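Peer 1: With chain X held as given, fit chain P with the ligands onto it using these hints.
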Amino acid sequence: MSDVQWHKTACNLCYVNCGIEVAIENGRMGKIRGDRSNPKSQGYLCNKAARIPYYAHHRDRLTSPLRRRADGGFDAISWETAIAEIAGRMREIHAAHGGQSFALYGGGGQGNHAGGAYITSLLRALGSRNTFNALAQEKTGDFWVNGRMFGSQHCHTAEDVHHCDLLFVLGCNPWIAHGFPNARDHLNRIRKDSARKLIVVDPRRTETAELADLHLAVRPGADAFLLGALLAILVRRGAIDRAFIDQRTTGFEAVRDALLGIPAEAWAKAADVPMADLERSVDMIAAAKAMVVRVELGIQQGVNSTLNSYLEKLLILLTGSFGRPGTNQLHSWLVPLWGNSPGKVYVPTGDEIIGGLLPPNSFAKAVLSDHPERLRAVFVDSSNPANTVADTSEAERALRALELLVVVDVAMTETARLAHYVLPASSQYEKTEFTLFSFEFPTNYFHVRPALLPPLPGTLPEPEIYTRLARALGLLPGDNVLAPLKEAAARSRNDFDKAFRAFLMENPTAQPIAALVLYNTLGPTLPNGNAAAAVLWPAAQSCAKRMPGSLRRALDAPADVPDRQLADRLFDALLTSPQGTAFSVHSYEEMWSLIETPDGKVQLAVPELLEWLGRLDVGQVDPNPDFPFVLAAGQRRMFNANQIFRDPAWRRSDPDGALLINPEDLAQLDAADGAWLAVQSERGRIVVRGQADESMRRGQLALPHGFGQAYPTSDGTRLTSGPRINLLTAGGNRDPIAGTPYHKNVPVRLERATAEEAAAAEQTSRRIREGAAAA
Amino acid sequence: MTYVVTEACIKCKYMDCVEVCPVDCFYEGENMLVINPDECIDCGVCEPECPPNAILPDTEKDLEKWLELNRSLSTAWPNITRKGETPADADDFTDEKDKFEKYFSDKAALHT
Ligand code: SF4
Ligand code: SF4
Numbered sequence: 001m002s003d004v005q006w007h008k009t010a011c012n013l014c015y016v017n018c019g020i021e022v023a024i025e026n027g028r029m030g031k032i033r034g035d036r037s038n039p040k041s042q043g044y045l046c047n048k049a050a051r052i053p054y055y056a057h058h059r060d061r062l063t064s065p066l067r068r069r070a071d072g073g074f075d076a077i078s079w080e081t082a083i084a085e086i087a088g089r090m091r092e093i094h095a096a097h098g099g100q101s102f103a104l105y106g107g108g109g110q111g112n113h114a115g116g117a118y119i120t121s122l123l124r125a126l127g128s129r130n131t132f133n134a135l136a137q138e139k140t141g142d143f144w145v146n147g148r149m150f151g152s153q154h155c156h157t158a159e160d161v162h163h164c165d166l167l168f169v170l171g172c173n174p175w176i177a178h179g180f181p182n183a184r185d186h187l188n189r190i191r192k193d194s195a196r197k198l199i200v201v202d203p204r205r206t207e208t209a210e211l212a213d214l215h216l217a218v219r220p221g222a223d224a225f226l227l228g229a230l231l232a233i234l235v236r237r238g239a240i241d242r243a244f245i246d247q248r249t250t251g252f253e254a255v256r257d258a259l260l261g262i263p264a265e266a267w268a269k270a271a272d273v274p275m276a277d278l279e280r281s282v283d284m285i286a287a288a289k290a291m292v293v294r295v296e297l298g299i300q301q302g303v304n305s306t307l308n309s310y311l312e313k314l315l316i317l318l319t320g321s322f323g324r325p326g327t328n329q330l331h332s333w334l335v336p337l338w339g340n341s342p343g344k345v346y347v348p349t350g351d352e353i354i355g356g357l358l359p360p361n362s363f364a365k366a367v368l369s370d371h372p373e374r375l376r377a378v379f380v381d382s383s384n385p386a387n388t389v390a391d392t393s394e395a396e397r398a399l400r401a402l403e404l405l406v407v408v409d410v411a412m413t414e415t416a417r418l419a420h421y422v423l424p425a426s427s428q429y430e431k432t433e434f435t436l437f438s439f440e441f442p443t444n445y446f447h448v449r450p451a452l453l454p455p456l457p458g459t460l461p462e463p464e465i466y467t468r469l470a471r472a473l474g475l476l477p478g479d480n481v482l483a484p485l486k487e488a489a490a491r492s493r494n495d496f497d498k499a500f501r502a503f504l505m506e507n508p509t510a511q512p513i514a515a516l517v518l519y520n521t522l523g524p525t526l527p528n529g530n531a532a533a534a535v536l537w538p539a540a541q542s543c544a545k546r547m548p549g550s551l552r553r554a555l556d557a558p559a560d561v562p563d564r565q566l567a568d569r570l571f572d573a574l575l576t577s578p579q580g581t582a583f584s585v586h587s588y589e590e591m592w593s594l595i596e597t598p599d600g601k602v603q604l605a606v607p608e609l610l611e612w613l614g615r616l617d618v619g620q621v622d623p624n625p626d627f628p629f630v631l632a633a634g635q636r637r638m639f640n641a642n643q644i645f646r647d648p649a650w651r652r653s654d655p656d657g658a659l660l661i662n663p664e665d666l667a668q669l670d671a672a673d674g675a676w677l678a679v680q681s682e683r684g685r686i687v688v689r690g691q692a693d694e695s696m697r698r699g700q701l702a703l704p705h706g707f708g709q710a711y712p713t714s715d716g717t718r719l720t721s722g723p724r725i726n727l728l729t730a731g732g733n734r735d736p737i738a739g740t741p742y743h744k745n746v747p748v749r750l751e752r753a754t755a756e757e758a759a760a761a762e763q764t765s766r767r768i769r770e771g772a773a774a775a
Numbered sequence: 001m002t003y004v005v006t007e008a009c010i011k012c013k014y015m016d017c018v019e020v021c022p023v024d025c026f027y028e029g030e031n032m033l034v035i036n037p038d039e040c041i042d043c044g045v046c047e048p049e050c051p052p053n054a055i056l057p058d059t060e061k062d063l064e065k066w067l068e069l070n071r072s073l074s075t076a077w078p079n080i081t082r083k084g085e086t087p088a089d090a091d092d093f094t095d096e097k098d099k100f101e102k103y104f105s106d107k108a109a110l111h112t
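Protein chains in written order, with this note's numbering: chain X, 1 to 775; chain P, 1 to 112.
Calculated from the structure, these hints are not laboratory results. Keep in mind the model is a prediction, meaning the values are calculated, not measured. Please note that a few of the clues may not be correct.
What the hints assert, rightly or not - The list that follows gives simulated cross-link-like pairs (lysine-lysine, DSS-like), each with its CA atoms no further than 27 Å apart: (1) P:K107 with X:K192; (2) P:K97 with P:K107; (3) X:K31 with P:K107.
Just chain X, same shape as in the assembly (with noise of 0.2 Å):
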């Protein structure tokens, strides 16, 4: 064993950023283990953090600037290069269109959203704060209903499965996709128990759904129907907590009568559930103690999305499974992941603007549309959306049609591909990093991760890409004006106060850039090289100053410890805690404190909802005879996570990213199990590996997400592994209100693949196959 050393860290692959150990031998990431040392993870970890070391080292990461050619390909350029040719890009669009034409697409995936902070700072001064990114494909609806229920689109529901008699799980598949820390634990502890019960909602049976009580297998589309009706039997039967509901909420008999006009029986038959299981769903509510209900992508990607979150939060409400051990909660933020931005509506495409974004099925039209205010300019970081955007064949019509599009990326992704300039940046190990996902209650957490790793040679971490384009853009001033800040810096953290309190007030215009100012004068000074932290020293101050009883049990501070150091020691622990520090401790009455309408209650009622629930038609869930399947684009697996992983040689099971169909289905299609099929929607067609699935329902697919990558074989041949699914997806299959993909429910037709297709996808497999057992 030459000199290994283990170091703690979080695993990047999904936001519950489990806290783990990493052994570095040689200069690379090895062995994985759970962190038993992380106050929320406590050791847990799942089956694919194992595998981080695919990401972080592998033949397709970037080591140079490039610059895209005339014919499609690249040169490789300096930095200066890069950086002087991007800034005068830059000049020119912004003297000519102004800051509205730039926008930034990503800004952080699931274990990293540092470089978010800096590149947003940098738009700002530009005077742009158009961003589009993957909540806005995902959670802006939910987003929405918050805004209008708890006063805030910040105020977020946490889930306290931990200690729930009854977990109701709505269109997730906490088993696989986890979702909640130590999913699979609890889940196992909740199995065993016989006093704890567990309701699914989901069309497939799900593993999730063979651990549970009772399983409602709904009609994919159909879950509107479905909480609709049941709703409507918890206030036929009464069981709803009306002492909690008048003590708390407002607006209660309109959504009561709201929900007495809805025909259960009716409603029940559209969700192909029968009323019984309905009636014992209402039982086992009645009975619990303390439910709550875990909530994903099914319903949010699902048809009537906003409406299901809606349904979802009243399923919550009107039960009183809210602020108590056990159920809903709101939960504190360090620093909200997303912003608050009601009625605000983004012109070029019209879409209202939810928690600060935008959402990216407007993206091509933000980009394509013949509006003045057109983005011209896009920086992408961290993300791919020529994979991930519905309908890839307009969004890459889009990302051709900018006048400049950077990517800041550490890998050649698709998106990357049409890029006029392609930044390396250094992987989320080569760099402090940490991300905004503290979505627990009554204790938060939160984790700064500094590197294990030197950056790979030719690679920047994003702050310091950041920096060197606002130097060259002349947004960030000089080191003559910074001067007396770093040395305030240097000498204390009080000094550093007074001095960046002052330089603030000298310089007004500094005001956007300020999180590129922290990083290059406070930054430098930080422990274990967390420079890239700096721009948590004013979140500290804020939550020093929104909760300081909170945070003061937190910290476990003495009574003698005056609240104005809460904030420096909070900074402290996050910058020298590599296992991550709590930052708030509520009380469930204080709870209440994180509420934000006028009133302090819950508004119930919200009148665009109700609305839309009294125009809910059950002809909706009726088959689309041209497209009879109805496919789940993008369903969480063993071994998929998001776009990160591009060595295909990460994954131990379903190589192709395989359809998963009903048996019966197949048989239909003459097809064997394994055979090559073509799907076909309203927009494109793929050839995908079919895969027979007891436990699909019939009529229902379901494909992959974190597929469809490029990725080079040994002498160098790109091949793309698996399905890209967007090429099925169509921009306009969305919500209404939040803009979101209605992803669960993509109309196909399904047929066999021609014999050429077949041969051609074979291929491809067998040789992606190959190279990832020799990898």
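Peer 2: The following block gives chain P with the ligands in isolation, referenced to the frame of chain X:
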């Protein structure tokens, strides 16, 4: 889905796996360990820890017998969460064949 401990563990019992399991689902017999399949979360971190490669995913072929043994013995044997002392002669048995016929014991580990 679970991982299972197989024949190669018999008389080797290095116990490195125990230290990494996030849910502490190893159980200790006299001369081997087993995994409780109902508690295992299939994370796979124990697999590379095992010097004689005794830990395998149950998706591999011909493991039914071992899956059954892991299931039944894990309910009879005591839970082990910290690595104990490896048998002094463990290395002598890593490559030996037919250990099940020769040495298998369903006795629980003796804990003092
Ligand atoms: S649950 Fe998520 S964060 Fe935890 S190990 Fe698995 S992928 Fe990583
Ligand atoms: S696979 Fe994971 S959970 Fe299962 S025994 Fe091994 S370490 Fe424990």
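Peer 1: All hints are to be evaluated individually against the structure, with a verdict given for each.
Peer 2: How the hints compare with the structure:
no.	hint	result
1	P:K107 with X:K192	holds, 26 Å
2	P:K97 with P:K107	holds, 21 Å
3	X:K31 with P:K107	violated, 33 Å
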